[in-house]
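**Student:** Produce the complete structure using the sequences and hints provided.
Chains as they are written, first to last, in this note's numbering: chain A, 1 to 656; chain B, 1001 to 1278.
In case anyone wonders, no lab produced these hints; they're calculated from the structure. Note that beta-carbon positions come from the ideal geometry of N, C-alpha and C, so glycine has one too. Take these hints with a grain of salt, some might be off.
Stated by the list, open to error - The calculated lysine-lysine pairs, modelled on DSSO-like cross-linking and capped at a C-alpha distance of 30 Å, are: (1) B/K1154 x A/K627; (2) A/K562 x A/K133; (3) B/K1154 x A/K654; (4) A/K562 x B/K1065.
Unchecked claim - Part of the chain A face toward chain B, derived, beta carbon under 7 Å: (5) V78; (6) L94; (7) P250; (8) S374; (9) D602.
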Amino acid sequence: MKKIDRKDFLTLAGGAVAGGLAGTVFSGAPIDALQWLVEWTQDQYRPLDGREHYLRSVCDACPDRCELSIRMIDDRAVNIQTSNSACPVGQNALQLMYHPERIPQPLKRDGRKGSGKWTTVTWDQALTDIASKINEKIQGNKRHLIAGINKDYNLTSALLDRLIAALGSKNSYYEAGLEAITTSSLGGVPQYNFENTDYILSFGARILEGWGPSGSLLKAFRGWKARGTKLVMAETNRSRTASMADEWVPVKAGTELFLALGIAYVLIREKGRNSGGAGFANWVTYISDYTPEQVSSITGVPAEKIREIADAFNRAGRPVAVSGRGAQGISSSSAEITAVYALNSLVNSPAVTLKKHTGLGTPPMSQGAAQAYSSAEPKKGLDDFIKNGEFELVFINEANPVHRSVFGSDMKTKLGNAFVVSFAPLVNDSALYADYVLPSLSFLETKTTAGDAAVAPYAQARHAGQAIIDLAGKIEEIRGAFNWQSYTDLIREGSALGAAGNFAFNNESLKSQITLLKKLLSEDRNYPLSLIPYELPMLGDGDGLAFPYILKNIDGNTYSKKKLWVMINRQTARDQGVSEGERIDIESSRGEIGSVRAHLTDTVAPGVVAIPLGFGQKANTKYAEDKGVNPKEIMNAEIDPLTGNADWWLTRVKID
Amino acid sequence: MEHNEKADITRKAPAMHRKWGMAIDLDKCTGCGNCSLSCAQENNLPMFEDDSDIPKRVFYLDLMKVTNDRDAQYPNVGVVYIPKMCQQCEGNEPSNPKPPCVSVCPVVATDVGDDGVVSQIWSRCIGCRYCQASCPYEARAFNWWKPDYEGRFKESLNPEVSVPARGTIIKCTFCSHIWKRERDRAVANGELDINAVLYTPACVSACPTNAMVFGDLNDPNSEVSRLSRDARAFRLVHSIDEKPADEQKRLRGIKNYPNPKVYYLTSHQWIRDMMRFK
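**Tutor:** Here it is as structure tokens:
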């Protein structure tokens, strides 16, 4: 064997190094390293790749039942398309489902109420403890102090209503949304056939901005122009719906009720129309004062215009008159809802029917429960309950009365003294005061009428309806009333609509509302201005604030850099000595909200301050917390006798 | 071997016939915001701790709320939402299509493709921001900060769109990755003609009222082409469109007009008035 001398050694070593270098260069490793360096220095994130496929599903969030096509990468959903793509709920589902602050498993309070300190517990521990608290109430004869508060009418709310009833309480309430206040005013929810109407008369209902069944509404809107459907919008400020309407009827702040009465007067007295419904004869005598001339002096709408609208409404074949002021944060008095519905009834419009949520019926009850149930005297509505009711154990199903009710601060105090169970996917302002927060699902994780859920539920989150069935199984007394294994057995029944009872004219409510409204509208030197709410696209009355992609849409004249802006009429601002961008405080008889900026614009009426809803939350994830102020704190809190909810649309204020 | 014309990849690629454009009917736009939400989701737009912070946030599609309240008084006012994204300009000169942003880019990070779409290649961009300054529509955004997709938000990211790096310019590309996806699918089915495939950007497919229409401006029968010739159509801050033809020609000879491919339609004169330089 040849001895390796120094020269050979150097040749070999040099060759090895050269070969290694060449190999490294040609392997592409330097490119990879450079790529890595680029990514590392720029701190860039690379989305995960995977197998692409599409899933079909149905959104059961509302009666429209939009078909969905979900683009999946492995088991991750990355895009949703709907058959009518009409609803931000659908588009926003991904942000809710993948929200970093989703609650992974049941939370038990660990600290004082509202501190936001939690420990995680198992479902079994949570439900067992809640069941024992319920049993304490049953044994302590405190059935009437058990309550449930829902956000919307759906499967879960039907189950919660059943749970509350089975325990012998009638304290089942719904947040004062469109369905809740129309149901308590009319005995049902008006179903408007927007697809097939020729004349729409809206009393402050911003029907193109997320109002009511927005999916089917926007779908119907596509055909209005071709069919010659006319939209007439009576509203104080120039909203987008008012801008898109064929005709905008500017009314003085808060006077929509009187306009409806004026039109009813013309239909009855000048067109000879008549309506069914108990109490109609009496109602007619009450409204006999509201001649077009009289109404004109209240609303600022010329008498001829009132006659013209009444005439067009009378001549239309399938007209609809729509009530429920606002887009998502709805507020109207029962008198107004009744008066507007009466217009449909007077012309006997085939495009409007009254339907009612059937729920799951009255459950079988134990003797104790039946006794308590029959003697229970529930409040008319949620605000009434918060203000005047009593409770020691309350379930909050997705609702957020602490933020959305004008009695939010009363609610905080009462929740502080009660045992509170909250169903929610994210900890909102009301869940902050809960003893237990039970994580619920986003709709993509829910089984639907079309079949299985598109995406597996996050961590241990559970359908709230399932949680209620599971809880009932742990309570000896009511187990029999919940003979279902799974919420999926009830998907079709939960949100069904049935025929409503006969609608009646409530003259007491009309009388008291007119008195209240006249007081509110009369000149008040202490509070010369009117405060009226408005809502931003997608943000609605506050839920949207938790999502970054919705925050991107907020315009600089509403909220930016921790400053909330309100809109004031140009001339009114001049009279008040307020200039553009100035910091002002707004004060009503209920209190003061401070440090908002004034944006001067003639899209709001003289004498009006328009303030956005949804801001001023204390929780609802880090994205929503501590942004702006919540105007509900100072808004009008007179409770409507029929809806049991405050009519907070119009508040008399002054600015500093 | 049997000659299969369709699968013969050595064959010369057919010339591009498409010229993508968009028409947005403002009379139909309710300002619902679905377009902007869907755009952000599709394009992995950077999230920050507070996206309501206007100087910091980044978006492709700006849902502008526009009113005429400077000139009109209550109640003669109007409110309109104008979805505004990159207008995909191509300049005056057809043989050398260069909008303002492309003319100034020192590193060819942005260019006009033969399909008319103004591209933007994140990784080429050196962040000089010339294009942002030159854009008449403020359609380009600069990533001052590192995107912060907190926690599980990462799981909803679209793998077809790379997450832009800090220190670069980003903008709307008419979702051209969706077109690429559709083309890839067509190729997998043996269809090699690049002109055979149509697609819909995320904003357009999310529009509930069909206010947004997308398609081929070169095809005279396409809806977008028809709408671009509608009497209600106008282009943002492009008042040269309103001048007589010979005057237009003269002006084009002395100045580079952006010549955008996004058309807006309205029946309100005040919107046209607001959207032009006075």
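**Student:** List in ascending order the numbers of the hints, as given earlier, that are violated by the structure.
**Tutor:** 2, 3, 8
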